[in-house]
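Q: Listed here are the chains, written in short residue letters.
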Amino acid sequence: ANNTYIRVSLPAVCFVWQIAMVILFGVFIRYDEESDEKGWHEFKRSHNITSNIENDFYFRYPSFQDVHVMIFVGFGFLMTFLKRYSFGGVGFNFLIAAFGLQWALLMQGWFHSLDPVTGKITIGIESLINADFCCAGSLIAYGALLGKVSPVQLMIVTLFGVTLFAVEEYIILDLLHCRDAGGSMVIHTFGGYYGLAISWVLYRPNLNLSKRLNGSVYHSDLFAMIGALFLWMFWPSFNSAITNHGAGQHRTVINTYLSLAACVLTTFAISSMGQKKGKLDMVHIQNASLAAGVAMGTSAEFMITPYGSIIVGFCCGIISTFGYLYVTPFLEKRLKLQDTCGIHNLHAVPGMLGGFVGAIVAAAATEEVYGKEGLVETFGLSGKFENRSMSTQGAYQAAGTCVAIAFGLVGGVCVGFILRFPLWGDPADDFCFDDEAYWELPEDEETIPPVLEYNNHMINKHQDT
Amino acid sequence: ANNTYIRVSLPAVCFVWQIAMVILFGVFIRYDEESDEKGWHEFKRSHNITSNIENDFYFRYPSFQDVHVMIFVGFGFLMTFLKRYSFGGVGFNFLIAAFGLQWALLMQGWFHSLDPVTGKITIGIESLINADFCCAGSLIAYGALLGKVSPVQLMIVTLFGVTLFAVEEYIILDLLHCRDAGGSMVIHTFGGYYGLAISWVLYRPNLNLSKRLNGSVYHSDLFAMIGALFLWMFWPSFNSAITNHGAGQHRTVINTYLSLAACVLTTFAISSMGQKKGKLDMVHIQNASLAAGVAMGTSAEFMITPYGSIIVGFCCGIISTFGYLYVTPFLEKRLKLQDTCGIHNLHAVPGMLGGFVGAIVAAAATEEVYGKEGLVETFGLSGKFENRSMSTQGAYQAAGTCVAIAFGLVGGVCVGFILRFPLWGDPADDFCFDDEAYWELPEDEETIPPVLEYNNHMINKHQDT
Amino acid sequence: ANNTYIRVSLPAVCFVWQIAMVILFGVFIRYDEESDEKGWHEFKRSHNITSNIENDFYFRYPSFQDVHVMIFVGFGFLMTFLKRYSFGGVGFNFLIAAFGLQWALLMQGWFHSLDPVTGKITIGIESLINADFCCAGSLIAYGALLGKVSPVQLMIVTLFGVTLFAVEEYIILDLLHCRDAGGSMVIHTFGGYYGLAISWVLYRPNLNLSKRLNGSVYHSDLFAMIGALFLWMFWPSFNSAITNHGAGQHRTVINTYLSLAACVLTTFAISSMGQKKGKLDMVHIQNASLAAGVAMGTSAEFMITPYGSIIVGFCCGIISTFGYLYVTPFLEKRLKLQDTCGIHNLHAVPGMLGGFVGAIVAAAATEEVYGKEGLVETFGLSGKFENRSMSTQGAYQAAGTCVAIAFGLVGGVCVGFILRFPLWGDPADDFCFDDEAYWELPEDEETIPPVLEYNNHMINKHQDT
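Residue numbers (the UniProt record's numbering), protein chains in the order written: chain A, 1 to 465; chain B, 1 to 465; chain C, 1 to 465.
Among the hints, a few may not be true.
Just a sample of chain C residues kept apart from chain B, beta carbon distances all over 12 Å, derived [stated by the list, open to error]:
hint: 1; residue: Ser9
hint: 2; residue: Glu54
hint: 3; residue: Pro116
hint: 4; residue: Thr163
hint: 5; residue: Cys263
hint: 6; residue: Leu331
hint: 7; residue: Tyr396
FRET-style restraints, in silico, Cβ to Cβ [said to hold, decoys possible]:
hint: 8; chain 1: B; residue 1: Ala428; chain 2: A; residue 2: Ala12; range: 46 to 52 Å
hint: 9; chain 1: A; residue 1: Arg334; chain 2: C; residue 2: Asp56; range: 49 to 55 Å
hint: 10; chain 1: C; residue 1: Ile360; chain 2: B; residue 2: Asp174; range: 37 to 43 Å
hint: 11; chain 1: B; residue 1: Trp110; chain 2: A; residue 2: Thr50; range: 33 to 39 Å
hint: 12; chain 1: A; residue 1: Glu373; chain 2: B; residue 2: Leu175; range: 32 to 38 Å
hint: 13; chain 1: A; residue 1: Thr50; chain 2: B; residue 2: Ala20; range: 19 to 25 Å
hint: 14; chain 1: B; residue 1: Asn206; chain 2: A; residue 2: Arg212; range: 38 to 44 Å
hint: 15; chain 1: C; residue 1: Lys120; chain 2: B; residue 2: Glu373; range: 48 to 54 Å
Just so you know, the hints here were simulated from the structure itself, not pulled from any lab data. Keep in mind the model is a prediction, meaning the values are calculated, not measured. Ideal Cβ placement from N, Cα and C applies to all residues, glycine included.
Just chain A, with the same shape it has in the complex (with noise of 0.2 Å):
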């Protein structure tokens, strides 16, 4: 039996949560004071600001854009490329994120920006590009789930994941104190665990039933070209949109930049090396050329020297692309875990790796290298951590990086067995990936392109002459 119908349970989710939104907001939200008018007046009178562009909102907000692009056309065309799932990919992908980063907004806020005095949270630019990086670990989850679940479980993967996301951000950045601007840890780390882990609660032994659309078609592979290089080409925003002015985001763009160049040099070679006739394979170019994106979120900020991002982008394509020849494959056969995007090649994989470089790079920064006021300034060496050496901040980074990767793999399980309740509406197992389960499609025949009707008339026509 067709158990699709969200009718009830999807508008009541969506109402209930929004509604939950407006009451929070308005008791906690508030600008902060680069956003506010008076507060912005104000802010400059006291820091003896003479001119506007000293607000923070100018040196984040074409960064913010692009992170914002990355998040809906970049995760939501990377996600069409199914044959007959393309409205789930890039539509239920619109409907978390929006969700996402609202309650991302507040649980951020909870943690790192509560005014102990008035009980209120402020948020300005970078509030903004934290909740859409908040959002990006729901979104990647989502990868491993693509065509297998509704939008309701959907939504509570999302509404989980963002929690888990603000918890295990707190402990990562506050407590231990680590560097992750891009998120290689909090992010990719955790997002790409969390996906695997409610994957494998939610395996379906009979999933070929759908075998048929579990697969592209030449033109969805086109679309999800576009949010393939959205997401190439922004990641050095989304790895410098919170780094520190000047300098930083001026390093971390390059280092991304010349690690995501050399990692689709490797992801070609490998991929080419993959095939028996050398044949290139869409899905390694859309995904494993990223890798090296997801590797860089952490280091990027850091003096990894421009050859050495170099390396990490070309270790991130081999790896990743062997990752969806040979280990997926292995997953889905022999640990019962299907993951229709391959996200354990693209984020949780380089995220980790992306942990321990940092770690690595953070070990290894000295005085010489960064200044004294710089390496302050880059790792925030002040208050409580000034004492802090170099290699204990990077055994911090390395305990980061263990700390995501339990975060999602223990909230993974838990959120999956959740979604196990049979009242969600999932399709059953011969009706995965396919649009027909939560969308009116266009044309009454709605599996198959217009031509058909076309055809038969056609066909009418030959036989009754």
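Using the hints provided, position chains B and C relative to the given structure of chain A.
A: Frame of chain A; chains B and C shown alone:
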């Protein structure tokens, strides 16, 4: 008879109008002091500016580019959803926007920045943004007419649309001294009613002869989703592009971002409730989720508060989706108003709503919230408007909305009658929504995808055996 | 025999070149003083800079991202118009741009910013923009070769293309001291003639064996329109990305914007006149409307005046569309020059034109218009060029255009002969324009959309009854 022969009329209009642009630009348009080589050096000296970063260019260029993307890719691709009118959707949008922005620079210049001494209009980055905005009014109108008019008619719609826009904008912004940075009134309300009025005059009783083409196919809906997402993502830039430097732009972005996010959830909810199995409709997702951006056009720069923004978005998603479900069919049946893209629900009503929300928020503004100088700056209450009270300002804002509606309706009816002259090459009723009319389509069998030939071949082979 | 087996050659080239990059970057490339952590702190101190916003990053990063989008999505998707070569169009564009930008950083670094003391090249955001520009030359050349060469050949085209580019750029910009911020000469003229010369050497007399695939389908034309629009919208950023801070960037944007708008109208006009029923051709709209951006590459930063820009755009639309209608077919028949994308009309001729327009505008520059310091800044007339008169500058600009043509033609012929060695895996004449050669295509029946199977099923059912 097929009367879509535009080999004479289209080139004639293009050449005449473009030559007029050359002459009028030669007579009137000059660089402003921030883009003129000599002028900028003098400006820096006279204003004691030490850094080039103070040039308005750096405050506005990132937003300008986002607006530019919305005009050409956003509006253009949103109109590719029809199965066989995608070329016309994106192509004619391109044509009329490229013409409209030139004419807008002149019209807006004459009304807003004509130097009485030199008789020249000076332009800078803000003029380009305003020119793009001005085009938007006509592009919105195109949404109602999509598939039913010729490119020559569209050029006329744009010529008059831009002209009317500049006049109503002058009345609303200068005479009534309303604030409307994101154009809820001047752009969306005007553009929406302008298009609806034209479409009403051009009513085609036999349009169902083209019914087979008045719908989408799977991939055309994905192309439209590209347009929808770029509009959705960049709407914060649209609303903030010409607001005040500093906290003004910063706050406008936050408000628009939040409102749009909330709107997505209620759009999904109502869309699902509107179908008996709870299936979602791509038309709603592509359009209604944008209504919040429209409705925040006036008030986003005010201190509407974050939760106020979310409430506006919440309501807009509901109203707009209801509009698509029930109002558009009603308008077509009862009022003889054929609105191809449903601009009534995306622009006219949310725009009007936004105008009134702006009036309320303006009337509620206090010195306590904005600060003394903030209030003056935000509402421009200097010079002869120095003593205007906030409730008066609110009343003027409401009046401005009515002016926009009136200009749209009256102007649209007049232009509609001009378009009924039988010389503009519009398609017959059974030839609407068909690119065949104005485009050389690929393949000999133009309305049939390439697969057919192969199929016929297979059919023959099959029958031979 | 099908000789497109690239399982050895492509990975070999990718690995060898990428490893070379690692080594060369390790030896030569370092952060510049605005991206180096320590360097920036010292730079601020020594230059008395108080705000991080003065970092060049904030002047150029938004433009850089636009240029990046043009290179990867703009060029990439513009080349997806062929019905069965879209993977190759966007995919190989991705590969060669990712390689080219690394090699460009080295080549341009050696010629322009090698520190004679340390022997190092320092890079910052401007270097990244220049690297993207440098790739553009080779991507333009790819346009002429599209569908007829292997990815290995493209890597060679790029290796030599970038090398030649750096040399001619050094001659034109440094030795002749021309101004060419948007690259009419160094990018478009060079890239155009380079590609044409290669294509001429690689002439295939029997290319009509692949004729069935040398054309578009409905949706491939829409994908190409995405590329075209992103190029069109972001061309103001392309031309202004490395012009002078302040009024320089500001004015360049205005000029390019106006010129492109005018170009659209004349393109539509001529396209309609060129067909007997006045129907428009997507090839013209996608390509000729961009010619104005190419032609403004040199002069957009000068005081060409707004109406001057419009006149250039006006002419370019006409010339370029005529080129597509008459010159490309002529070149193919008479000169045995097969130019898949028509780069002759979009890059070679408008680029050359732009070079000469730039020469004229430079020669006409006066202190009255630019101001004394403006003239020096705009044309860089300091140091040993202090006493160069404007007419001399104009003559050098014209000479620079000739240098670009010469480099393109001679370099292209040489590279063409290298590509004729029979070891690069290029496709046979009947296998051109076919992704089948280098890509694993979706579905077993690779050239047939999924609908066929279903159709056959229907046919069988039909015939059984």
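Q: For every hint, state whether the structure bears it out.
A: Going down the list of hints, with the structure as the test:
Interface exclusion of C/Ser9 from chain B stands, the closest Cβ pair being 32 Å apart, more than 12 Å. Non-interface call for C/Glu54 relative to chain B: violated, since the shortest CB-CB distance, roughly 6 Å, does not exceed 12 Å. Against the 12 Å criterion, C/Pro116 stays outside the reach of chain B, whose nearest CB is about 29 Å from its own CB. For C/Thr163, the requirement that its beta carbon stay farther than 12 Å from each beta carbon of chain B is met, with the minimum near 32 Å.
Distance check for C/Cys263 against chain B: the nearest CB is about 8 Å away, which does not clear 12 Å, and the non-interface claim fails. Taking the minimum C-beta to C-beta distance to chain B, about 21 Å, the non-interface status of C/Leu331 holds against the 12 Å cut. For C/Tyr396, the shortest C-beta to C-beta distance to chain B comes to about 20 Å, beyond the 12 Å cut-off, and the non-interface label holds. Separated by about 48 Å at the C-beta atoms, B/Ala428 and A/Ala12 satisfy the suggested range of 46 to 52 Å.
The beta-carbon spacing between A/Arg334 and C/Asp56, approximately 52 Å, falls within the hinted interval of 49 to 55 Å. Restraint check, C/Ile360 to B/Asp174: a C-beta distance of roughly 41 Å satisfies the suggested window 37 to 43 Å. For B/Trp110 and A/Thr50, the Cβ-Cβ distance of about 35 Å falls inside the hinted range of 33 to 39 Å, so the restraint holds. For the hinted restraint 32 to 38 Å between A/Glu373 and B/Leu175, the CB-CB distance of approximately 55 Å leaves it violated.
Here the CB-CB span from A/Thr50 to B/Ala20 is close to 45 Å, at odds with the stated 19 to 25 Å. Remark: the range hint 38 to 44 Å for B/Asn206 to A/Arg212 is upheld by a beta-carbon distance near 42 Å. For the hinted restraint 48 to 54 Å between C/Lys120 and B/Glu373, the CB-CB distance of approximately 50 Å keeps it satisfied.
In this structure, the hints that do not hold are numbers 2, 5, 12, 13, in rising order.
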